[in-house]
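**Student:** The residues making up each chain are set out below.
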Amino acid sequence: MSDATFALVATGAKILFVWVIALATILPNLVWAERRVAGMIQDRPGPNRVGPFGFFQIIADGTKFFMKESVTPLYVDKLLYNLAPWITLMPGLVTFAVIPFGATLPVTIGGVTREVPLVIADVNIGVLYIFAFTGLGIYGLVLAGWSSNNKYSLMGGLRASAQIISYELSMGFAAAGVFLAAGTLRLAGVVEWQQAHVWNVVPQFVGFLVFLIAAFAETNRLPFDLAEAEEELAGGFHAEYSSFKFGMFFMGEYANLIAASALMATLYFGGWSLPGVTFTGVWGALASVAVFFAKTIGFIFLFLWVRWTFPRFRYDQLMDLGWKFLLPLSFFHLIAVAAFVAAK
Amino acid sequence: MSLELVVFAIASGLAIVSALAMVVVKTPVRSVISLVVTFFALAVLSILLAAPFIAAIQVIVYAGAILVLFLFVVMLLNLTKEAEATDRRPIQKLLGLVSVVALGGLLLGVTLRAGAPPVPAAGGLIPAKDEIPILGRLLFSDYLLAFEALSVLLLLAAVGALVLSKRRFD
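As given, the protein sequences belong to chains A and B, one line each in that order. With positions in the first sequence counted from 1, the corresponding number in our numbering is that position plus 532. With positions in the second sequence counted from 1, the corresponding number in our numbering is that position plus 53.
Take these hints with a grain of salt, some might be off.
Unchecked claim - Here are the simulated DSBU-like pairs of lysine-lysine, each with C-alpha atoms no more than 35 Å apart in a straight line:
{"no.": "1", "chain 1": "A", "residue 1": "K683", "chain 2": "A", "residue 2": "K610"}
{"no.": "2", "chain 1": "B", "residue 1": "K79", "chain 2": "A", "residue 2": "K683"}
{"no.": "3", "chain 1": "B", "residue 1": "K219", "chain 2": "A", "residue 2": "K683"}
As the list claims (entries may be wrong) - Here are some chain B residues pointing at chain A (derived, C-beta under 8 Å):
{"no.": "4", "residue": "I86"}
{"no.": "5", "residue": "L101"}
{"no.": "6", "residue": "A103"}
{"no.": "7", "residue": "V112"}
{"no.": "8", "residue": "I113"}
{"no.": "9", "residue": "G117"}
{"no.": "10", "residue": "V121"}
{"no.": "11", "residue": "F123"}
{"no.": "12", "residue": "M128"}
{"no.": "13", "residue": "I185"}
{"no.": "14", "residue": "G189"}
Unchecked claim - What follows is a list of derived Cβ distance ranges for each label pair:
{"no.": "15", "chain 1": "A", "residue 1": "D575", "chain 2": "B", "residue 2": "L73", "range": "56 to 62 Å"}
{"no.": "16", "chain 1": "A", "residue 1": "R581", "chain 2": "B", "residue 2": "A103", "range": "54 to 60 Å"}
{"no.": "17", "chain 1": "A", "residue 1": "A874", "chain 2": "B", "residue 2": "R220", "range": "39 to 45 Å"}
{"no.": "18", "chain 1": "B", "residue 1": "V76", "chain 2": "A", "residue 2": "K610", "range": "17 to 23 Å"}
{"no.": "19", "chain 1": "A", "residue 1": "T841", "chain 2": "B", "residue 2": "A211", "range": "33 to 39 Å"}
{"no.": "20", "chain 1": "A", "residue 1": "T812", "chain 2": "B", "residue 2": "G189", "range": "31 to 37 Å"}
{"no.": "21", "chain 1": "A", "residue 1": "L540", "chain 2": "B", "residue 2": "G162", "range": "38 to 44 Å"}
{"no.": "22", "chain 1": "B", "residue 1": "V163", "chain 2": "A", "residue 2": "N561", "range": "54 to 60 Å"}
{"no.": "23", "chain 1": "A", "residue 1": "I867", "chain 2": "B", "residue 2": "L191", "range": "31 to 37 Å"}
{"no.": "24", "chain 1": "B", "residue 1": "V163", "chain 2": "A", "residue 2": "V814", "range": "53 to 59 Å"}
{"no.": "25", "chain 1": "A", "residue 1": "E647", "chain 2": "B", "residue 2": "G149", "range": "54 to 60 Å"}
Everything labelled a hint here was simulated from the structure, so no lab data went into it. For every residue, glycine included, the Cβ atom is placed at its ideal position computed from N, Cα and C.
Throw the hints in and build the complete structure from the sequences for me.
**Tutor:** Quick look at the structure:
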């Protein structure tokens, strides 16, 4: 097997692993986990009828999405109305292409051993790629709100995009601290730096807090889910969507949540690395993948926990928090990190 | 036919079609979306030129931020149908046609005069070495004056917008 063929096969296998195995197992289980965690926190059982611990609830939920009638309201902009759910689903899915999910995996074929870095594309723009696609994801929400021809939907779409644009700035400045310290934008480089030195959450705790809060706003999760706000907007931008198209918004939100969790684990909690542990060989690589997924699942649990614990913010509180508190804080944090890096 | 040529054909075709759609389409919201697609296709072309940083900035700044503001304005003014011009001035169409022909001729001339393209550096589509430190060093040394002048210009524009919007409400 030549090097080129091997690279092609390895990339294909990595794509298959990340999207088909990892995402297609985490995503449905997340829907189940959310409802069970909600039950646990609210001191009630949650869905526990379908399968052991209600584990197959997602099959029932999924079937419901498929079987429901898909209603398209009159006077919608058909093209944009149908396009919007796809745009929303995209950024959460493409993010995983640049996140390193394990140490290098040695593969021996025909007596030749090759090292496979466990990241689909180690691009040198790293997190900028993720921000670029998050920025495009806004269009899904705005267009869904506008094309539905419903005032509540439009309000939801406007709120969602204003919120994401506002918090994207703080998020970017917080993340810039990590890249200043590591001296590279490559996410694999950031993980290597953390393995050699210390997890970024320790020296950059302020940056981590800003990033965490901004991540809640970016994924439209409570306490920042003003774009949906059932009580005010009857569901917001996806009020007019039903059946499978609503299911795509639903999946898009969870895909974004997984992506944000994976990104936080990578930027601030060492990604696949553990302090004092070197992962070598096939079993080491597999263990590092397990470490990465454990950290990601930890953050996913945090998202669920917060959702069922905090009430929703008011819109002016949300904007004040973003522009008057988080943004200046991230500025000062970045200046402090830059001064520290320059002094070293 | 190499893979790069296929990607180039798709991306440039998409850029041309969506740019045309931006001008031709009657619904302003769809025009804005066409422009987003154009910028995205141009970003793909930047990646083909081994400039992924430019591509990312192009998408983040233009497609992700500026055009969202365009979309806001179009949506909030509720421009569902393009306002038909009441007084048709044929001179505008004529002027437009003349500019298109002039610009097209200029571009064609430059393209035809240009020699063979430089051989791309080894290392495939995305250079392995970080290009951002090089870019940063250039911005803060050779192009420092232009960089600072642009920063001041942006700051002035932001302050100006704030002053104008304040005056109306006081």
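**Student:** For every hint, state whether the structure bears it out.
**Tutor:** Hints and how they fare:
1. K683(A) with K610(A): 17 Å, holds
2. K79(B) with K683(A): OK: K79(B) and K683(A) at ~22 Å, within 35 Å.
3. K219(B) with K683(A): Holds, at roughly 28 Å.
4. I86: I86(B) check passes; min Cβ-Cβ to chain A is 7 Å, inside 8 Å.
5. L101: 14 Å, violated
6. A103: Hint violated; A103(B) Cβ to chain A Cβ min 11 Å, cut 8 Å.
7. V112: Holds, about 4 Å.
8. I113: Hint holds; I113(B) Cβ to chain A Cβ min 5 Å, cut 8 Å.
9. G117: Since chain A brings a Cβ to about 2 Å from G117(B), closer than 8 Å, the hint holds.
10. V121: With a closest approach of 6 Å, the V121(B) hint holds.
11. F123: 11 Å, violated
12. M128: 5 Å, holds
13. I185: Holds: closest Cβ of chain A sits about 6 Å from I185(B), inside 8 Å.
14. G189: 11 Å, violated
15. D575(A) with L73(B): 56 to 62 Å: 60 Å, holds
16. R581(A) with A103(B): 54 to 60 Å: 56 Å, holds
17. A874(A) with R220(B): 39 to 45 Å: 42 Å, holds
18. V76(B) with K610(A): 17 to 23 Å: Given a distance of about 22 Å, which is inside 17 to 23 Å, the answer is holds.
19. T841(A) with A211(B): 33 to 39 Å: Taking Cβ atoms as reference, T841(A) and A211(B) lie about 38 Å apart, which means the hint holds.
20. T812(A) with G189(B): 31 to 37 Å: 35 Å, holds
21. L540(A) with G162(B): 38 to 44 Å: With a Cβ separation near 42 Å, L540(A) and G162(B) satisfy 38 to 44 Å, so the hint holds.
22. V163(B) with N561(A): 54 to 60 Å: 57 Å, holds
23. I867(A) with L191(B): 31 to 37 Å: 23 Å, violated
24. V163(B) with V814(A): 53 to 59 Å: Because 55 Å falls inside the window, the suggested range holds.
25. E647(A) with G149(B): 54 to 60 Å: 58 Å, holds
Checked against the numbered hints listed earlier, the structure breaks hints 5, 6, 11, 14 and 23; every other hint is satisfied.
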